[in-house]
Amino acid sequence: MTSPFVPVAVSVERTLPRPGSSRFVGSLSSSPESPRSHCLWMRGSDVGCIPSLPFQPLGSQALMIQRGFEQSNGVFSNVESSSSRDNWEDRPPIPTLLGYEVMEERSKFTVYKILVRRTPNESWVVFRRYADFSRLNDKLKEMFPRFKLSLPPKRWFRDNYDMSFLEDRQLGLQAFLQNLVAYKDITNSEAVRAFLCLDDPPGPFDSQDESRAFCETLEETNHRLQRELVEKHRELESLRKLLEERELKIGSLEKETGF
Numbered sequence: 001m002t003s004p005f006v007p008v009a010v011s012v013e014r015t016l017p018r019p020g021s022s023r024f025v026g027s028l029s030s031s032p033e034s035p036r037s038h039c040l041w042m043r044g045s046d047v048g049c050i051p052s053l054p055f056q057p058l059g060s061q062a063l064m065i066q067r068g069f070e071q072s073n074g075v076f077s078n079v080e081s082s083s084s085r086d087n088w089e090d091r092p093p094i095p096t097l098l099g100y101e102v103m104e105e106r107s108k109f110t111v112y113k114i115l116v117r118r119t120p121n122e123s124w125v126v127f128r129r130y131a132d133f134s135r136l137n138d139k140l141k142e143m144f145p146r147f148k149l150s151l152p153p154k155r156w157f158r159d160n161y162d163m164s165f166l167e168d169r170q171l172g173l174q175a176f177l178q179n180l181v182a183y184k185d186i187t188n189s190e191a192v193r194a195f196l197c198l199d200d201p202p203g204p205f206d207s208q209d210e211s212r213a214f215c216e217t218l219e220e221t222n223h224r225l226q227r228e229l230v231e232k233h234r235e236l237e238s239l240r241k242l243l244e245e246r247e248l249k250i251g252s253l254e255k256e257t258g259f
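The numbering of the sequence shown is UniProt numbering, which starts it at 1 and goes up by one.
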């Protein structure tokens, strides 16, 4: 069971489909870790309303931190200003962690919902697990060893699904996201651009049913890939045993023939 998602009060203007943007169908690439496969296009009125994904909203403390970050960086303030509109391309995208959901369909895990805003009229949603954040952090450590992004640590011996723990982790992940876009070199890195789908934002879904189908396809594909991996391991073990038997037989024949 999952807790119901309460929409977060995030101010985003209604987004219009971009001319020439392709319609994104709910399917995965061949890679199970493809960042592109975890993105959804959003209109302003859709923020916090992804169907069939009842996320826990981000706490008020994290929202205050996020708003302070936006104000201190002059991002999306006074959106009607002509000077602001002229400088959107020079400003970093704003990732906002909207909430999380603990999935319990087959294997239990937590998914975090991130709103990415490039301009007041262009935004989309990215779904990421903690493991995705961890992989990104590892890549950035290699690329930028002098920068410390302070990813919330893993929790090994206690309940990872305790609500207070998840709320604290949300705060840490939101701070991590803000640090990503605080430095231009990091924001423009291939790893961050892929993580936030900056180079290939998803196209608009035509309906809620299509959005739901995407989420179901994501879940089913993940389950199928895990099942195939188990089958491959079994096949590998079978081949190893067969190889050992053949080697024993060859050794026995060599002894019998005197080689």
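Everything labelled a hint here was simulated from the structure, so no lab data went into it. Hints should not be assumed to be uniformly reliable.
Result set (DSS-like, lysine-lysine): computed pairs, CA atoms no more than 30 Å apart in a straight line [claimed, not checked]: (1) Lys184 x Lys108; (2) Lys141 x Lys184; (3) Lys241 x Lys139; (4) Lys139 x Lys184; (5) Lys141 x Lys108; (6) Lys108 x Lys139; (7) Lys184 x Lys154; (8) Lys139 x Lys154.
Now the hints, each set against the structure:
{"no.": "1", "hint": "Lys184 x Lys108", "in the structure": "violated (36 Å)"}
{"no.": "2", "hint": "Lys141 x Lys184", "in the structure": "holds (16 Å)"}
{"no.": "3", "hint": "Lys241 x Lys139", "in the structure": "violated (38 Å)"}
{"no.": "4", "hint": "Lys139 x Lys184", "in the structure": "holds (16 Å)"}
{"no.": "5", "hint": "Lys141 x Lys108", "in the structure": "holds (28 Å)"}
{"no.": "6", "hint": "Lys108 x Lys139", "in the structure": "holds (26 Å)"}
{"no.": "7", "hint": "Lys184 x Lys154", "in the structure": "holds (27 Å)"}
{"no.": "8", "hint": "Lys139 x Lys154", "in the structure": "holds (17 Å)"}
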